[in-house]
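Protein chains in written order, with our numbering: chain B, 10 to 426; chain A, 10 to 426.
Each hint should be verified, as a subset may be incorrect.
Copies of one chain are not kept apart here, so a pair can be met inside one copy or by any two copies together.
In silico lysine-lysine, DSS-like type, Cα no more than 25 Å apart, as pairs [what the hints assert, rightly or not]:
1. Lys338 x Lys366
2. Lys96 x Lys106
3. Lys366 x Lys135
4. Lys422 x Lys366
5. Lys279 x Lys135
6. Lys338 x Lys135
7. Lys96 x Lys422
8. Lys273 x Lys61
9. Lys279 x Lys214
Just so you know, these hints were derived from the structure itself, not from any lab. Keep in mind the model is a prediction, meaning the values are calculated, not measured.
Number of protein chains: 2
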Amino acid sequence: MRTTEILLTTLRQAPADAEIVSHRLMLRAGMIRQTAAGIYNWLPLGVRVLRKVEAIVREEMDAAGAQEVLLSAVQPAELWLESGRWKEYGPELLRLKDRHGRDFCIGPTHEEIITDIIRHEIRSYKQLPANFYQIQTKFRDEIRPRFGIMRAREFLMKDGYSFHLSQASLEETYQLMYRTYFRIFSRLELEFRPVLADSGNIGGKVSHEFHVLAESGEDRIAFSEDSEFATNVELMDSIPRADTGALKIARGIEVGHIFQLGTKYSEAMKANCLDENSAAVTLFMGCYGIGVSRIVAAAIEQNHDERGIIWPGAIAPYQLALVPIHMHKSQRLREAVEDLYQRLVGNGIEVLLDNRKERPGVMFTDLELIGIPHRLVFSEKGLDKNTLEYKGRRDEQSADIPLDTAIEFIREKCGRR
Amino acid sequence: MRTTEILLTTLRQAPADAEIVSHRLMLRAGMIRQTAAGIYNWLPLGVRVLRKVEAIVREEMDAAGAQEVLLSAVQPAELWLESGRWKEYGPELLRLKDRHGRDFCIGPTHEEIITDIIRHEIRSYKQLPANFYQIQTKFRDEIRPRFGIMRAREFLMKDGYSFHLSQASLEETYQLMYRTYFRIFSRLELEFRPVLADSGNIGGKVSHEFHVLAESGEDRIAFSEDSEFATNVELMDSIPRADTGALKIARGIEVGHIFQLGTKYSEAMKANCLDENSAAVTLFMGCYGIGVSRIVAAAIEQNHDERGIIWPGAIAPYQLALVPIHMHKSQRLREAVEDLYQRLVGNGIEVLLDNRKERPGVMFTDLELIGIPHRLVFSEKGLDKNTLEYKGRRDEQSADIPLDTAIEFIREKCGRR
Numbered sequence: 010m011r012t013t014e015i016l017l018t019t020l021r022q023a024p025a026d027a028e029i030v031s032h033r034l035m036l037r038a039g040m041i042r043q044t045a046a047g048i049y050n051w052l053p054l055g056v057r058v059l060r061k062v063e064a065i066v067r068e069e070m071d072a073a074g075a076q077e078v079l080l081s082a083v084q085p086a087e088l089w090l091e092s093g094r095w096k097e098y099g100p101e102l103l104r105l106k107d108r109h110g111r112d113f114c115i116g117p118t119h120e121e122i123i124t125d126i127i128r129h130e131i132r133s134y135k136q137l138p139a140n141f142y143q144i145q146t147k148f149r150d151e152i153r154p155r156f157g158i159m160r161a162r163e164f165l166m167k168d169g170y171s172f173h174l175s176q177a178s179l180e181e182t183y184q185l186m187y188r189t190y191f192r193i194f195s196r197l198e199l200e201f202r203p204v205l206a207d208s209g210n211i212g213g214k215v216s217h218e219f220h221v222l223a224e225s226g227e228d229r230i231a232f233s234e235d236s237e238f239a240t241n242v243e244l245m246d247s248i249p250r251a252d253t254g255a256l257k258i259a260r261g262i263e264v265g266h267i268f269q270l271g272t273k274y275s276e277a278m279k280a281n282c283l284d285e286n287s288a289a290v291t292l293f294m295g296c297y298g299i300g301v302s303r304i305v306a307a308a309i310e311q312n313h314d315e316r317g318i319i320w321p322g323a324i325a326p327y328q329l330a331l332v333p334i335h336m337h338k339s340q341r342l343r344e345a346v347e348d349l350y351q352r353l354v355g356n357g358i359e360v361l362l363d364n365r366k367e368r369p370g371v372m373f374t375d376l377e378l379i380g381i382p383h384r385l386v387f388s389e390k391g392l393d394k395n396t397l398e399y400k401g402r403r404d405e406q407s408a409d410i411p412l413d414t415a416i417e418f419i420r421e422k423c424g425r426r
Numbered sequence: 010m011r012t013t014e015i016l017l018t019t020l021r022q023a024p025a026d027a028e029i030v031s032h033r034l035m036l037r038a039g040m041i042r043q044t045a046a047g048i049y050n051w052l053p054l055g056v057r058v059l060r061k062v063e064a065i066v067r068e069e070m071d072a073a074g075a076q077e078v079l080l081s082a083v084q085p086a087e088l089w090l091e092s093g094r095w096k097e098y099g100p101e102l103l104r105l106k107d108r109h110g111r112d113f114c115i116g117p118t119h120e121e122i123i124t125d126i127i128r129h130e131i132r133s134y135k136q137l138p139a140n141f142y143q144i145q146t147k148f149r150d151e152i153r154p155r156f157g158i159m160r161a162r163e164f165l166m167k168d169g170y171s172f173h174l175s176q177a178s179l180e181e182t183y184q185l186m187y188r189t190y191f192r193i194f195s196r197l198e199l200e201f202r203p204v205l206a207d208s209g210n211i212g213g214k215v216s217h218e219f220h221v222l223a224e225s226g227e228d229r230i231a232f233s234e235d236s237e238f239a240t241n242v243e244l245m246d247s248i249p250r251a252d253t254g255a256l257k258i259a260r261g262i263e264v265g266h267i268f269q270l271g272t273k274y275s276e277a278m279k280a281n282c283l284d285e286n287s288a289a290v291t292l293f294m295g296c297y298g299i300g301v302s303r304i305v306a307a308a309i310e311q312n313h314d315e316r317g318i319i320w321p322g323a324i325a326p327y328q329l330a331l332v333p334i335h336m337h338k339s340q341r342l343r344e345a346v347e348d349l350y351q352r353l354v355g356n357g358i359e360v361l362l363d364n365r366k367e368r369p370g371v372m373f374t375d376l377e378l379i380g381i382p383h384r385l386v387f388s389e390k391g392l393d394k395n396t397l398e399y400k401g402r403r404d405e406q407s408a409d410i411p412l413d414t415a416i417e418f419i420r421e422k423c424g425r426r
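Looking at chain B on its own, in the form it has when it is part of the complex:
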C-alpha cells in the first residue's frame, strides 16, 4: 500500500478530553474518530488492526471446535423478560421501540437469544456438548463513557456460549476455552495474566478474567511468581492468603472473561434435554467473552513510547514502512524504490510505501506515530553504496543493510521464512 492510497490523517495534538494514552494515540494516528460520546468510527488504519485481532480470535475459536453463529443485534424484550434481565439490567441496556411500539433492546450480550435457540434446536443428548461464538458489534449505554474505545458504548466483542448435560462437561469446555484464550493472547503478542474473578451480574460461580498488563489498567491484580495463583484484588478479602506465597501487584486491563454460568439461564428459560436414560436435564451453560476492540486499545497501553504506538507484529496494520528520501527529485531512486516495493509485496510483506511529497522528518514522525514495527529508508546516497537504512521501532540506532539481501533480512524480521 502507498500512503497516498489510504486515509492517513495524523494529528499533532489529541483533543484535551482524551485522558489515556491509547485514546490519544488512536486519535492522533487517525485510527478512530468520535461520532458521539462513547461511539466511534474506525478509519482504515484502525480497521486493519481490528481485523487482525478478529482473525486471530476466529482462527483459535474454530480450532477449538466452537461454531460461529451470528445472532440478531436487535433483541425482543420477551426473551429478556423471561430471563429476568429486562428488569435487572438497568439503564445500561439500550432499549427501544419499533414502529409498531414493540419493545426491543440492542444486545450487550446474547445469553437469552442463544438459550432460546438451544431449547428449540437441541433435541438429543447426542448433540451436546455444543459451543457457539460470534464476533459482533454490541452496545452498552455507559453513563459516563470515557477512555476512547477502552470504555466505549459501542464496541466489537467476541461472545461465546456452551451448553452441557453435566457440570463435569461444562468444566471440560471451560478449561478448553481457558487454554484457547491463552493461545489467543499469546498470538496477539501481549503480556497478560488470567486471574480469578468475580462473576458480577452475568451470574454463575466460577470465572476468570484475562488481563493485559499495563500501568494504566483500571484493575489491580495480585499474582504469585512461584505458583499459578492470580486474582483480581477485589476478591482478595474472600481468599485465604496463607498459601499464596509472596504476591506481586500489577495493573491490568480486562480483555477477556470466562464464566461457568451453571443453570441460571437454562432454568429461567426452561432449556432442557433428555439424557441417555430419557430423563430431563436442565442444561449447564458457560459463557466466554473477548473485547475485540478493547484489545486494540490495551495493546497500545502496553506498547508505546513518547513518539507513538509500537505495534506487536501480529496486529500491526503494516509490517514495514518503506521511506524514500526526496524520491520525487530522482528518477533513478524512484525506479529502485518501486522495484524494491514490488519485490517486498511479492514476498508477502505488508509494506506501506510513503510516497508523499513530504520532508523526511514529517514521514518519520507519522510512521513512528502509527507504530509500524520495521522501517527501511532508501536514499540516493544509499543507492550509491547499495545499502538501505534499517530501524526497528524499538531500536535506538539505525543500521545499514546491503540492498541485495534486504528481502531476506526483512522476511526474517517479520517472521516470514
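Chain A: place on chain B using the hints.
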C-alpha cells in the same frame, strides 16, 4: 468437519408463513432461525455461506483500491438533521433515545457519517478521489417484513462511498465500481444483469441495479440480447424504445445498487475541499451498496430443486459430503473412511463427513437439502471393489470412481488443481 460437530438441525417442513423458496429452504436447512418479525439469527451452516460471500466482496473491494472502514451502527440525530433525512426518512428509520434522552438512529445507510468524516479529514485535493466501504449489520424498520432474509429488518450490507473533486472523477470511480460488481457477482457464480435504475430517495441522478435472475424476483427487468441495454421495467416509460431492439423480460432480485449522488450530501453538510488553484469545491459523491445477506437468499432462489438447495461452489458451506454406509457396524470401513477424510482435508477440500448413526436415506436427504455440491458414498461393497460412488448435486445418476484416484477426481471437481 463431521456432522456431529456442527449444529445440523434440518426440518421436514417449513413454517406455513414462509412464502418463498429461499425462506423455506434456509429454515429447513437450519441456516437461520427467526428472533422476531424480520429479525433472524444465523446458525453455523448459514454463517459459513455468509462469510464466503463477505470474503469475496471484501477481496474485490480491496483489489479495486477501496479502503475498509467501520462506521458506528448507532448514529446521532444531529447529522441526519443536517442532511435533512431525519425528516424525510419516515418510520423505516429505527429511532431511539439513549439514557440521557438524546436522539439516535440505527443506521440503514451511512452517507451522513462518512460525509462528516470526510469534511473533517480531507484537507487537500491530493487526498482525492477516495473510496471507502464497510461490511456491517444494518436495520430498516420495514412495515411488513417478509420473505425471510430477502426482506428482513436486520441485514448484512456492504455499503461504500466515494468522494471527488469533479463529476468526471466520480464517473471514473463509478465505472470502476460497476466493473468490480461485475467481478463480484461473477465470482459468486450467479446469473445476473446490471440494469439502469431509478435512484429513489437516496438521491442523485445516475444509478444501476445489479439483479440476480430468478423467477421469484420482485422486480421485472427488460434487456436486449443484441446490446448491453438493460433496465428496470419501472423506468421503461421514460426511455425511448426505438433503438433498444427486441427486448426480453426477466424477473430479478436486486442485490446491488450503485449511485452517482453528486453533491446532495456534500452541499447539505458543507463537505468542501480546496482544489489545485485554492478554490473551494463542493465534493462529488458516489455510493455503492451490496446486500450481503440477501445474496445468500438470491443464490438459493436461482439454485434449488425439489430436494433442496444447490450451492454454487464459490459459496457452498462445504464442497463435498462424504457419506459412509453403516460405518458404525464396520471397523474396516470406519478406518478407510477416516483415512480418506484426512486426505481430503489435507488436500484443502472442505469436506463434511456424515458420521451420524443414521440410515443412508436420512443422510442423503439432509445433505441434498443443505445443498453440498459434491457427494462421495463409501460402503463395504465399495471397499471390496476399491471404488466410491460419486454424485454431483445436479446429476441424475451416480458413478463409481476408483478409490485410488478419488482425491485427484474431487480436487478437479472442486476447482482445486
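Quiz item: Can you give the numbers of the hints that this structure goes against, from lowest to highest?
Solution: Of the numbered hints given earlier, those the structure breaks are 4, 7, 8, listed in rising order.
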